[in-house]
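Spelled out, the chains give:
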Amino acid sequence: MSPIDEGHLHDDLNPRPPLEAHHPQAHPASAGATPLQRDAALTIFQKGAPGRRAFVCPDLDVPPVDVSQLLPECFRRAQPPRLPEVSEPEIVRHYVGISKRNFDLDSGFYPLGSCTMKHNPRLHERVAALPGHARLHPLQDPERAQGALELMWNLQGALAELSGLGNVSLQPSAGSHGELAGVLLTRAYHEDRGESRHKVLTPDTAHGTNPATVTMAGYEVVKLATNADGGIDIEDLRSKADTDVACLMLTNPNTLGLFDPNISQIAEIVHGVGATLYYDGANLNAIMGLSRPGDMGFDIVHFNLHKSFTQPHGGGGPGSGPIAVSDRVAPFLPVPVVVQRDDASFDLDYGTGRAGSKSIGRLRGFHGNYGCFVRSYAYIRSLGGDGLKDASQVAVLNANYLLARLKEHGVAEYLPLAYGDLCMHEFVLSGGPMRRELQIKTLDLAKRLLDFGFHPPTVYFPLLVDEALMVEPTETETRETLDAFADVIAAILKEAAADPEIARGAPYTTPVRRLDEVAAAKRPVIRQALV
Amino acid sequence: MLAAIGVGSLAEIFERQIPESVRLGRELDLPTGLGEQDVYEHLRSLAARNTSTEDELSFLGAGMYDHYVPALIDMLMERSEFLTPYTPYQPEISQGGLQVMFEYQTAICELTGLPVSNASVYEGPSAVAAAAYLAKLHNGARRIVASAGLHPHSLQTLRTNAHGFGMEVVEVPLREGVTDADAWAAAIDDNTSASIFAQPNFYGAIEDADALSAAAKASTWGPSPIGNGGSGARPPVGGAGPVGGANPVVIAQVDPITLGILRPPGECGVDVAVGEGQSLGNRLDFGGPSFGLFAAREEYLRRMPGRIAGETVDVDGRRGFVLTLQTREQHIRREKATSNICTSQALNALAGVVYLSWLGRRGIVELGELLLARTHYARERLAALAGVEKLHEQPVIREFALHLDADVAAVKRRCASQGVNPGVDVHALSGREDDRGVLLVAITERRTRAHIDRLADVLGAAIAAERGAAVAA
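Protein chains in written order, with the numbering used here: chain A, 21 to 551; chain B, 4 to 476.
Keep in mind the hints are simulated off the structure, nothing from the lab.
Hints may contain errors.
[Said to hold, decoys possible] No more than 30 Å apart at the CA atoms, straight line, and that leaves these computed lysine-lysine pairs for DSBU-like:
(1) A:LYS427 <-> A:LYS542
(2) B:LYS220 <-> B:LYS339
(3) A:LYS260 <-> B:LYS220
(4) A:LYS542 <-> A:LYS67
(5) A:LYS461 <-> A:LYS409
(6) A:LYS409 <-> A:LYS427
(7) A:LYS260 <-> A:LYS243
(8) B:LYS220 <-> A:LYS243
(9) A:LYS243 <-> A:LYS219
(10) A:LYS542 <-> B:LYS393
(11) B:LYS220 <-> A:LYS461
(12) B:LYS339 <-> A:LYS219
(13) A:LYS461 <-> A:LYS427
(14) A:LYS514 <-> A:LYS243
(15) A:LYS120 <-> A:LYS67
[Said to hold, decoys possible] Simulated restraints, written as ranges between beta carbons of each label pair:
(16) A:GLY117 <-> B:ASP77: 13 to 23 Å
(17) B:ASP41 <-> A:ASP519: 23 to 33 Å
(18) A:SER377 <-> B:ALA7: 25 to 35 Å
(19) B:ALA14 <-> A:GLY430: 54 to 64 Å
(20) A:GLU521 <-> B:ARG19: 41 to 51 Å
(21) B:SER420 <-> A:ARG348: 56 to 66 Å
(22) A:ARG58 <-> B:GLU18: 29 to 39 Å
(23) B:ARG47 <-> A:SER377: 31 to 41 Å
(24) A:ARG456 <-> B:GLY320: 49 to 59 Å
(25) A:LEU550 <-> B:ALA221: 55 to 65 Å
All figures in this text were calculated on a predicted structure; none of them were measured in a lab.
The C-beta atom is built at its ideal place from N, Cα and C for all residues, glycine as well.
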């Protein structure tokens with residue numbers, strides 16, 4: 021990606037450009053509005069023709085049966101489901117075609133805050149597809165799944181070392197599922213001590229999944245204020261921490277990209293009232309090999325393998341959200357966990373006799389998202405301990421470099437850093453001055469970035485920052501990319517100073533332009549009408 | 004870069020932010036990094052120590068099945084444009100993923116006969132728990148009545164979650180392989196929030212879904228609170244006693260691949276259908292990732308968990324898709340969200356809808372009938388062996404349970420030495436005493452008549468040998 025020539029950009033954009041004038045800065049994968057991408061969207065259900073098909077059913081090699089005898093009429097479907105009637109070439113063209121209406125990490129910079137969009141090495145796809153992994157049935161006898169169990173054992177060990185918490189369950193399916201596990205563990209821990217607590221503390225900077233999880237686990241959410249430095253307001257914490265508090269859920273570094281310097285004091289206060297301290301691992305990419313949640317005093321941590329450990333995000337999953345816990349919470353871990361027997365073989369452990377177990381039980385079927393474990397384990401073995409530390413250091417370096425570039429004249433007066441001075445792996449800018457002085461909102465800036473081939477940062481989160489713009493570049497981006505992004509931000513602001521309408525009308529070069537989300541929600545159309 | 008930042012060293016960035024007392028101060032105790040080739044060899048050697056469905060003749064099922072996955076799915080799932088984006092927060096550059104969700108929802112609605120579907124949840128058992136939470140939000144009652152025919156993992160997951168929801172789970176036993184209708188009706192009362200069964204059930208039997216749904220609806224009295232759906236008002240939760248005539252939400256855990264020939268749950272009085280999607284074009288992966296399907300009647304739309312793609316137009320009038328009804332979701336509603344789910348299973352759901360397109364309108368029926376015929380053949384063939392009986396006489400589609408007059412684990416070991424995995428040892432899975440001696444056998448289109456005949460020979464010999472050994476002992 022080459023840096024944008026500002027002068028050229030300005031010539032192109034002033035006066036109000038026709039759409040085609042944006043080609044030089046367009047999405048590199050799209051080269052602007054190609055006919056394919058601007059085709060009317062037809063679903064697979066609107067293609068094909070009666071009788072057309074891809075699937076050839078294997079021959080009936082057993083004696084023919086009378087279906088109505090084996091499956092009484094009252095149980096049978098009267099009409100075939102109206103699935104598409106398409107050939108294989110049509111399926112391939114259709115999905116390859118619509119894939120080109122997606123922006124993706126392999127095509128360009130994706131600085132989505134709190135999402136850790138780092139490169140996904142293709143080796144991981146290759147090893148995950150090996151039949152010994154991909155075609156292994158989850159109920160295979162453990163003695164004939166020793167490779168898989170060893171992999172899980174090794175991954176458990178690595179996550180324990182990274183977190184400083186020795187007891188790991190790989191079962192949760194994603195970060196929010198790990199959070200649910202963690203809060204249910206907290207409940208089990210208190211109940212085991214004969215205590216009934218009702219409240220869970222979450223900072224106002226928390227990810228939305230934290231309070232949502234708290235409600236699902238049957239607790240009341242109590243919000244904690246943020247202090248002037250972007251950390252937990254200690255006085256507010258002191259006033260709210262009482263023996264009715266079950267847990268404090270915290271992200272550190274938090275969603276402002278700031279490491280809370282008072283973490284030890286916070287842990288002391290929380291533990292002082294007998295509550296647990298929960299670590300939302302969404303931001304683990306800032307501290308691998310540098311600092312550990314267990315050493316900070318956390319009892320429970322979840323990992324996002326699809327963030328820190330580069331499981332590809334798949335356009336919204338799959339993810340994987342293992343948890344690691346302290347010894348006092350360990351007896352309640354979900355089952356099963358992988359154990360190593362005395363003879364060095366591996367097994368799945370369901371607890372000491374199901375009846376006597378203190379485990380909270382299962383959170384899902386089988387053993388977790390093993391396919392994600394394979395990829396993340398391959399990543400951990402590729403980087404090694406020193407490499408993981410390097411990854412975090414470069415992630416933080418990149419974030420601070422990009423922040424420094426965005427503190428330059430022409431940007432900082434419109435997009436100031438919301439809190440702090442340095443940052444960890446991400447930072448949050450406020451678009452408040454930009455909105456007031458240039459009459460464009462953070463949303464407009466985000467949409468205008470699309471015309472330049474960048475995925476925008478996370479917008480309007482955390483909620484306490486006015487017109488928030490949350491930027492996480494990750495360690496796998498080059499300095500050239502960071503410079504190009506900073507240059508484009510500056511150029512868009514300059515362009516807005518001349519004519520804010522351009523950003524307000526953006527994007528221009530994408531497969532569709534701004535969409536009417538209000539209409540979509542008012543009268544929801546969530547499936548194709550079929551004939 | 005350091006000069007631009009204004010620091011003297013990389014270490015300074017950390018020293019200025021992380022207090023010394025919580026800095027690690029040593030290197031991680033992890034192996035050093037390996038080159039790509041060495042990582043490949045290590046992962047390959049681990050894979051080689053697993054016996055996959057390519058390495059033996061496998062009849063394992065019980066929730067995940069060795070169906071054939073067409074090559075085009077591998078190719079499409081590896082495309083960068085599907086593999087590497089995040090959740091589609093910027094719809095203008097995410098139309099591909101959003102359209103896939105919309106198509107997926109269409110396919111799931113059509114299969115289940117229900118008008119609304121989300122874009123996927125994690126997987127089967129947690130989808131059952133998610134449906135129970137929807138029921139709690141809907142009617143505020145506290146009791147979940149669940150058939151013992153649910154997958155043991157679904158029952159266990161439901162119990163784990165229900166404890167957090169502040170709900171209790173009442174299990175209804177089976178009779179002759181299916182949910183005991185009398186016990187089912189008796190268990191459902193005014194304080195029942197949800198009634199849940201599996202179709203087909205865990206032991207392979209086809210349940211009388213109409214009768215179970217009707218019995219659930221008939222068990223309560225008074226006006227339904229359904230009119231409140233979508234008002235945004237929180238129903239009473241965790242309150243004491245009945246909330247007054249709440250119709251329980253009827254939830255079915257379905258197996259989507261059977262729905263080409265089996266009556267869709269939406270036509271059987273079911274309110275919410277959930278299920279494990281692995282059968283639809285997803286690989287086994289030792290249990291995940293796959294996807295969970297979640298479909299419902301219209302009145303539950305605004306209480307659904309997870310992402311939902313909706314159709315709209317852009318400023319130029321072009322058709323497009325967006326994430327819609329986001330006010331249900333955690334990133335907007337926070338503690339008032341209908342679920343905490345964020346990342347779900349978009350890529351796996353893509354495999355699901357591509358698979359359904361590949362099967363097509365006729366293929367899904369032909370496949371269902373093939374499975375029916377082969378499963379019938381296998382069931383009769385195996386039940387004729389000495390020491391083997393059918394666990395029940397109910398209709399089955401692609402899985403059935405047998406009772407062996409021998410120790411199942413020992414029989415399985417004998418079969419394994421012949422390269423045959425005859426099925427799932429149900430007692431080992433469920434821990435239930437009643438399940439001792441039960442073997443669950445799954446038939447997919449990859450298992451031919453010749454394979455089934457070989458299974459019969461090997462299983463018959465293994466049982467005979469085991470019974471002989473038992474007599475000798």
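Exercise for review: Find the hints from earlier in the document that the structure breaks and name them by number, from lowest to highest.
Suggested key: Violated hints: 1, 3, 5, 8, 10, 11, 14, 17, 18, 19, 21, 22, 24 and 25; rest satisfied.
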